[in-house]
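Colleague: As a plain string of letters, each chain reads:
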Amino acid sequence: MSQIITLSAAELAAALRAGEVTSVEAVQAHLDRIAAVDDAESGVHAFLHINAEEALAVASEVDAIRAAGGAEAQALHPLAGVPIAVKDLIVTKGQPTTAGSAMLKGWMSPYDATVIEKIRAAKLPILGKTNLDEFAQGSSTEHSAYGNTRNPWDLNRIPGGSGGGSAAAVAAFEAPLALGTDTGGSIRQPGAVTGTVGAKPTYGAVSRYGAIAMASSLDQIGPVTRTVLDSALLQELIGGHDPKDSTSLPEPVPALSDAARLGAAGDLTGVRVGVIDELGGEGYEEGVKARFEESLELLKARGAEIVTVSCPHFKYALSAYYLIMPSEMSSNLAKFDGVRYGQRVLPESGPVTIERVMGATRAAGFGDEVKRRIILGTYALSAGYYDAYYGSAQKVRTLIQRDFEAAFQSADVLVSPTSPTVAFELGAKIDDPLAMYLNDIATIPANLAGVPGISVPGGLSEGLPVGIQFLAPAHEDARMYRVAAALEAALEQQWGHPLLAEAQDLESAVAAAKEGKN
Amino acid sequence: MSAISRDDVAHLAELAHIAMSDEELERMAGELDSIVDAIASVSEVAGENIPATSHPIPLQNVFRDDVVGQTLTQEEALQNAPDAQDGRFKVPAILDED
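Going line by line, the protein sequences match chains G and L. Read in order, the letters of the first sequence correspond to residues 1 to 518 in UniProt numbering. Read in order, the letters of the second sequence correspond to residues 1 to 98 in UniProt numbering.
By construction, these hints were calculated from the structure, which means they are not laboratory data. No experiment lies behind these values; they were computed from the predicted model shown. Some clues are possibly wrong.
Said to hold, decoys possible - Here are the simulated DSBU-like pairs of lysine-lysine, each with C-alpha atoms no more than 35 angstroms apart in a straight line:
1. G:Lys123 with G:Lys517
2. G:Lys315 with G:Lys300
3. G:Lys244 with G:Lys335
4. L:Lys90 with G:Lys300
5. L:Lys90 with G:Lys289
6. G:Lys244 with G:Lys289
7. G:Lys335 with G:Lys123
8. G:Lys123 with L:Lys90
9. G:Lys315 with G:Lys123
10. G:Lys315 with L:Lys90
11. G:Lys93 with G:Lys335
12. G:Lys335 with G:Lys105
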């Protein structure tokens, strides 16, 4: 395994600036790693599309600018030349965007998402597009129309979802950086179960323009990385106001990487960390609880004051989420009708009218989970049920926001396990939608309230990663990065290395899996 | 008693424009029933005096100048269409023959 791919994005950026490595070498090292471990049949299968040619072209452009020196080299973005992977929910010119759905097989976006424009302007080579549950609906990546992604820690287990591809790519050293989207935990939960870092910024802190909408009042693009500092650096790059997204915050991007560096330096004196009483206990695995308790001790040792807070309405968050999200997505996905883009399927028999073509197109183009949620959303919005379901869920949303407000009176940040369990085996929950939904029980409240959240590796339980989640008040993303970086530094000091150093030898594991299939 | 019957699902599927087989309708009715059972608890706490929140971070008066911004060319707009003719999207009959 090449040394280049084990560097963090910040380390690789420094090596590029120092001329110790070229961007072309960095991109090629990651492409080689992808070729070695990402096989769709037996490997990680994090990528749906590899963008090798363009990535190498951008890399050689950065190398040429650096070699020439002068003002243009000085003006390069600090992350210029560092490769990145993009969740296939985010639209990109020149590469297909599928959203993990058969509906959009081969679809080529005529425009770039705002985050992609920023990445191109900063000259980060885009390695390719990563796998996800169809239209970002799921917690395991098993609902992708293109086959599931596998967890680099154990190829028989789920990598989380919906952004399992981005998290697995970063965990497998196939990319130092990736973009994800988080509607109910789709960045944080995959981060937790793959031993990586995933951050959901404050709602509106990063433009959603060009992220194929699932639930517009909950969706948020965010960074997927191996270190807290890398997430902060990436959010600084992709964040900021965008006139093309009327929900984007009209405020400058805070100094997030400074906050991460401050946190890593260690001192948390005076910082109040609130343990959420309702996110723990029953339903959480013993190993998850043990790593969580140890993390609290480490935070205390660094000077933090640990307090307990109660958020009594969080127990209704999952229910409110499974009314609001399907309602919004059933409306957002109405545009996939076989008229302007995507597949068109004709009915097998009977008259060929537009109504019947839509019915056949959507029957063939959507998978079971998407259909289930569209029907659920249509139900929650239909006459006679609207007040009882969608209306009540919106009121619960207010109660959850009030819970957060009260909790942040006595705590600067809140902390909980990210996910109640470690990665489960592929297929274990695929036939039980309710069991699958419970994976997001700790991540959903942040989306309902719009507050930022981050998951950092907290150690292992039975050989599999456990995630620790920090939540901060809206607009206070910097605070979350500071405390998360402090825990990361304390844990790595204790372990003597990053958690991913304990992962299996992936190239051997993939070779063995291939052998087993033959 | 089941809250969502097979006929309810058939009606919802029609509203949502998704053709479903009898087997799918049966299965979906069972699944949705247990999901709705699990999430109906929201009405327990949603008192009348609690305002609804539709958006996590409310912004007001988000306007832009009324000028033409970036738009797609006709060619770009049609490049992914399943069917097109004379610079327009082409669709099957909008009305039934009878």
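Colleague: Are any of the numbered hints broken by this structure? If so, which, sorted upward?
Modeller: 1, 4, 5, 6, 8, 9 and 10
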